[in-house]
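Trainee: Position chains B, C and D against the provided structure of chain A, taking the given hints into account.
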Amino acid sequence: MRWQVRKSPHDWVTLLFAIFALLALQPATLAHAAEKKTLKIAFRAAETGFDPQKIEDRYSVGICENIFDSLITYDWLARPVKLVPQIVEAVPTGEEGGTRFTFRIRPGIYFADDPIFKGKRRELVARDMEYAIKRFRDPANRSPYSWLFEDRVVGLDEFVAAAKKSGKYDYDVPVAGLKVIDKYTISFKLKEPDYTFIYFFAMPNVVPVAREAIEGYASDTMGHPVGTGPYVLKEWVRRSKIVLEKNPDYRGHVLNAQYADPADPWDQEAIKYLGRKTLPLIDRIEISPIEEEQPRFLAFMNREHEYIEETPFAFVPQLLPNGKLSPEMQKRNMRVFREEAPETTWDVFNLDDTVVGGYQSQNIGFRRALVLAHDREQEIAIVRRGQALAAQSPVPPGIIGFDPTFHAIEQEYNPARAKALLDMFGYIDKDGDGWRDLPSGAPLKLTYKYRANEESARQQAELWAKCLADVGIRMEAIAVQFADLLKDRKVGKYQMSGIAWTADYPDAQNFLQLLYGPNTNISNDARFKLPEYDRLYTQALKIPDSPERDQLYREMNRIIIVYAPWRLGVHRIFNHFINQWVLGYKKHPILFTSFKYLDIDAAAQKAGMQQ
Amino acid sequence: MGAYIVRRLWQMIPTLLGVVLLIFFLFNWVGGDPALVLAGKITNAEQIENIRKQLGVDQPYWYQLWVFIKQIVTFDFGRSWATNEAVSNILITRVGPTLTIMIPVLLLETIIGVILAIGVAYVRGTLTDRITMMICTVAMSISFLVYIIVAQYIFGFQLGWFPVQGWSDSFTKNIVTYAPLPILLAVFVSLAPSLRLYRSFFLDEVNQDYVRTARAKGLSEKTVMMKHVLRNAMIPILTNVGISLPGIFVGSFLLETFFSIPGLGREILTAVNRSDFPVIKAATVYLAVVTMVVNLAVDVLYKAVDPRVVLK
Amino acid sequence: MENILQVKNLGVKFRLDGGTIFEAVKGTSFDIPRNSTVALVGESGSGKSVSAMSIVRLLPREQAIVAPGSEVLFNGENLLNATDARMREIRGKEISVIFQEPMSSLNPVFSVGNQVSEVLRLHMGMSMRQAWTRSEELLNEVGIPNPKLRLNSYPHELSGGQQQRVMIAMAIACEPKLLIADEPTTALDVTIQKQILDLIAKLQASHHMSVLFITHDLAVVGEIADTVVVMQNGEIKEQGAAKQIFETPQHPYTKALLMCRPSVSKRPMRLPVIDDFMGAAGLQPAHLAQRARGYAADDEIVLEVKNLSKHFQLKEGLFKKRDVPAVKDASFKLARGKTLGLVGESGSGKTTVGLTLMRLHSASGGEVLFDGVDLLKLSERDFMKYKRRIQIVFQNPYASLNPRFTVGQILLEPMTIHKIGKDEQERVQMAMALLKRVGMPEVSFYKYPHEFSGGQRQRIAIARCLTMKPDVLICDESVSALDVSVQAQVLNLLQDLQDEYKMSYIFISHDLAVVKYISDQVMVMSDGDVVEVANSDEIYLNPKQEYTKKLLGSIPKGWQEDKAA
Amino acid sequence: MSAVLTSNTTAAPIHQASPGLWTLAWRRLKRDKVGMISLVVVAFFLLMIVGSYTGLIARNWSKEVGVSYANPSFLAGAVNLEAAKTESREGAAKIPYVDLSDIDPLAPRYKEWEERTAKIKVTETPRSETLLFGGDKWGRDVLQKAIKGAQTSIFVGLFAALIATIIGTTLGALSGYLGGRVGDLMEWFYNVFSSIPYILLILAFAAVFASSPAMADFRGVPMVIAILGLTGWTGIYRLIRAEFIKHGSREYVKAAEAIGASHGRRMFVHILPNVSHVCLVQLSQHVVQFIKAEVILSYLGLGVPVDAVSWGTMLAEAQSELVIGKWWQLAAAGISMAILVTAFSMLTDSLRDALDPKIK
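Chains as they are written, first to last, in this note's numbering: chain A, 163 to 773; chain B, 173 to 484; chain C, 43 to 607; chain D, 5 to 364.
Calculated directly from the structure, the hints in this document are not laboratory data.
Any given hint might turn out to be false.
[Said to hold, decoys possible] For the chain B half of the interface with chain C, some residues (derived, Cβ under 7 Å), not all of them: (1) Asp381; (2) Tyr382; (3) Arg387; (4) Ala388; (5) Lys389; (6) Gly390; (7) Ser392; (8) Lys394; (9) Arg403; (10) Asn404; (11) Thr442; (12) Arg480.
[Stated by the list, open to error] Label pairs and their computed distance ranges (CB to CB): (13) B/Arg296 - C/Arg423: 51 to 59 Å; (14) C/Ala243 - D/Ser253: 35 to 43 Å; (15) B/Thr300 - C/Gln286: 52 to 60 Å; (16) C/Arg423 - B/Arg302: 55 to 63 Å.
[What the hints assert, rightly or not] Listed below are the simulated BS3-like cross-link pairs for lysine-lysine, each with C-alpha atoms no more than 30 Å apart in a straight line: (17) B/Lys213 - A/Lys353; (18) D/Lys115 - C/Lys363; (19) B/Lys345 - A/Lys768.
The C-beta atom is built at its ideal place from N, Cα and C for all residues, glycine as well.
Bound-form chain A, shown alone (with noise of 0.2 Å):
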């Protein structure tokens, strides 16, 4: 019971030290980049894992890109955005009216090596392909994506269904809209015309997968993607590095340089360093994920990475006064590359909901009221610090239907005329508190959810408190945890909130779809449910991009505006900054990475990290 043994404090401390050698003794894998060139960059947010069909977060997505290939794909330069192959022969057009889409990846694409190959070279074919399509709908890998196989292929359906019903998911069982028609061919028929469809093909998460190394990796296929793109994961420590390397197996690519633009600076220089090499060239890519944006700034100030993607507004004024890089920056021979992101941010009115929801007059006017009353400029001017444009509609630019010449008074910050619309509608203060009343006499408060851990949101929701106070509505701001933020949204238990949307393909359907009534519970977090805009958006899919198609999605945009179920917000303007011994940068806007079209002035780069 009694411990005879003498023990003195300095036992603590031999224990303590005796922990430390052990931690000491981690593999201590000093990968050494003698000759290679390594390109590091800090990611905005962690990833969760690089199994294509099971991820949909951007920087999952972005290093997907990297590790498999699309059958299709964008041209690196062209702008506006073109579809060109990219193991695929040809980019079909929609046949059979645009139900039916049919690709023929070019043979002698052989997958990265790796250990579940034992040793044997394996080349890509069309049942990869398939493959991959119905493990989107496999309730086991819960894909986000699987909503872009839903009610859409042939006989996919009834084959989830059957599957479901049988308790097992057979992937050997085949679907007749999803046809493999011989080794390198495979063709898709869909239910109703579609021809937004092709662009799913060059998601980078609608790729091709090797079956032996799904099943192979199945406990951990998040940690263990094989493909044939030129990089393969060398390292990964989930959630603070990631390391890619060169893929020794990688066959190259080229830079297209036909539809460059001859004035752009940027085209110019990437067919420079870039034009007439093999590509990929960076030998090994090291990505950090840091989430707070004073490391991530000062790291890449600290001269830590090569280039800034995003870098955040607030530093913005200081690096680009006026729009110009600063002396500082001068000095440094830093770039910025400015991209207009494909992205549109609004504020959501649940239209379900008894204060703000509702289609009669009066709801329509208090929704409008309350745009007319939310001062924009000062969201471009404060919030995104001048690096937005004002949204004139759900599409942004760069996305096939965006309409430049749309825009509405209805959206322009006029609180003369937002107080007259509730006066008109009754929405008065009535108890004589000093706020606005519900026309029934009610007292009126309403309520904004916003995301809890989130600067910008919290900036909005100060910003909507303010204008709302301004014109006499009370408001109040309700800061919820992201998952809680999304049920609430999803259920409609919510009157307003904010969100944002990056283009999934540049379509403005992918854009559309988010007010198209059946939605509602999908995406139509709005729960907009107006017939006349349903009926435009089934005539739209139906038809190829077209003068009249552009016509459709105006009459949409109309009736946007007109029922006002969002506020309409900005489309951010994103700044990247780069060092100067990053040669041929430029950044796609539906790509995530440039990684492949890239090179480092190796001695530039030691020389510039040393300073």
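Mentor: Here is chains B, C and D on its own, set in the frame of chain A:
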């Protein structure tokens, strides 16, 4: 002593059960729906149902609780819902960086704190003593957030003495390059309260009868402080260290987010944001167990410092 | 006779909280001759300890100021001017000290051997091994059994007496010329006290040292001292050879001290108090007349206790519990208007008896018959009626009064609870009357306990009990913490109240003389057992049991004629 | 009790006010220079928040009186790149607005709308280039924000500490005094709470409060107070429990039992006043602790709502401002918080010394 340890371990069970119930109640009952986070930006009811089924959150609460308890007993918490990474793997890999920061912090804080405390206790009542205590109070009154923001800016960026952020796989590189600034910050912040506390421990002892005896023996003031007083003051100091010991396994999420340290604190924060229940539950249970085991270990270690302690 | 130490004109002041200065010692002078024992006697606050501590300069540096002109000459060297280094050489080697509380005076985390050998290594330059061997010899010399094993023990593993022996071993380790013993036996039981006194006397002789013995207890002084110095309020009232002090005290204060303390051999109607000597009045007849004590056959029995027992339960191991008996089958009777004395050493269970019979502890067995009702079997509600009829006065007057209550609140509370008096006004009047009765001014009603001295507080505690007009009053070491002169006052008060209200007392004390003085019947307890119950005169004159004899034999006898011879 | 006594007029004639322990403590405190200076500083802050609460000062803190990041007056000449942007608002495109009248249900009332609009005057207040201690990103006066922020932060700190103290004291008293089964239950409760990492506890409570409909009327500052108060009581519990155990065995409590005082009376009339100084010291220590915790909550986005301001939200905002050279918001919030917290801590120390003079 064996019986004592067995009894203490036995007593942990109801506490652990309470932790389990509280966490289960807080997160399963009232927390967000993980299915929605995982479902993606375009989703439908069927898919959400499918996800809920896969996660088992469609089961009745009692069943989920049963599964949870089974997980605890088998030490198998399954996989993270968000990243599909094995939860045990998450905990194991994250605790290393956290300890790399926190062990030096605790060591330095304790050692420096004790040394300074002896110093000021020796000169108690003088101007030096009062100024030191004043500095401590002022230092304690500034928010940790301010320290981090300012220090990262000044020492990491302006002066460039340390990297702004980062972490590597090499322990040596971490401890030499990346860890010093966060460690120094944490030490600086925790030193002031420790110093004040330790000083009061020393002063408590200085007025004890045995100190008078030691002086009556003819011992020098230095020997009295360094031998007789120190050894006795180590008992409450050890208690204090014992209290903060479980904390080193949690780490500071502020430090970890600002300095990009892939530690446990940051992981917990992310897990909560993502409603990643398996990670939250496992982390909580693990930390609760660590807390209890550490407390037990400290109590047993007491025996070594304080011969009066009887373990029964 | 040559003096080893001369204290000349010593003055010590204390800086108190808030800048006030307290003069603890006011210019005292006394000498300590070689090879003799000097006793410094006085009540608390007399400055006796301060005088002794200033010899070795162990007073708290921040507060104590030694008056200029003071001299402490040790072999002719003024210690007050010595350097710190010189003082360190002297302490523990030339002059060593033992203190009142051996438990707290030993460092709890170092072994006995470590602490004894430390002083040897420091002053005698011994190696660890030599020091260890010598320590063993020293422990042997001070009478610690199995010294080799005890060297590795920690202080808490020793009994109080052994701890004090260790302190003594440490003190004599370097053959000091002077040993200062600051109340070394006050915290000890009477039998142990006797042993320690004998040990000090023996060592004084064998080591040829001088002893400065500080105590409040004149009886102890009589046993040991050659010279006696009596102090009061920082001044020396009288000093001289022991014989002279005890036989022909000159100063009234000395006389008072000698008379106030109850002695085993005498039992006056009233104890004399200091004022009786200091004032003009002098001794009254009551101080000389003897009181007869003892139960009479026709005494009405108020309380009868049968086979009372109390066990405490200790948790052990995983589920086991161990019974520790504190009181075993105690039976006794209490007669109306009489006092039952309960004596025993610490841990004998005497206090537990008191607390258990009034249900402050739950009893494990037995009966407490009060008015024929077994109090132990009553429900909480029924017991309430009896609660006020048995009351208790605790030992520590500083702890038993709620410091946040005014005296008025303290006195009114029981009356309010038991609905005594028809309204608040009447209760206040009753409280005022009681205050007066216990000898406190009415203005005390509005004051807080901390404004009163120990004796006054004990009076307030007694008044609190009186508000309920109890039949039985339990005095649990109620006068033990008081100075001799105050003790006499409180004892007189208790006696007066008993005479007036015909209350019965259960008087619990370790002080055999006090018990002898106040009790009619005495019950001796040891380790939870009742050793002996008898009328007090009988038990003191004619103890039946061995234990009782041993106990009585340990009482300091004060000045003995034979010693002088 | 004392109320009973003072209302008693018959005993008045010889009534002499005798200093109670609190009075004595106050006397001791008055002698403590550092304590008194701290008291003055704390009182100044309290006066300030009373002023801001009643609207005497900082009433217009939310008014945008300056340009974005207006320079402090003492840096009037400094370049302000952030404001430049705000000034040069890009003119709207020249293209005509799209006509909506054919599908707009409001179209019939366009005319009435226009007329009403014309009657409403909108005046734009001029924005100042500099503000006394600079402006924030919206152009609000940082000094006024700091004052208003002090109100919120101190309010949060005080009330959260009050809740925590009440919970901790009640549970601690029950556990320490009663012991036994009740004590075991409380200990269990305490162990459960203290075994869960604090940050996790805070996040969990925040999640519960934010999503629970029952808390709908309870959001904003009260929610922050509730989160901090309900999670922060464990330390107080521990101390109060120990105090009650200690005092429970003291003789004065035994004496109270002997005279027949009930459990409740012994706990709350006898023991509680004797440990009240511990409660008070704990209360003030927790005020400081919670003022600091509010900063962390704000950093996590769980702090006070957007229409209020606290030091925490200011610091959270100021996170990225230091890097762009706009240090004044960080300084204003950081320094005012440091001053108050320092003064409060020192006052607490002095208070403890005054109430319990044994501890030096």
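Trainee: What are the numbers of the hints the structure violates, in ascending order?
Mentor: 8, 11, 18
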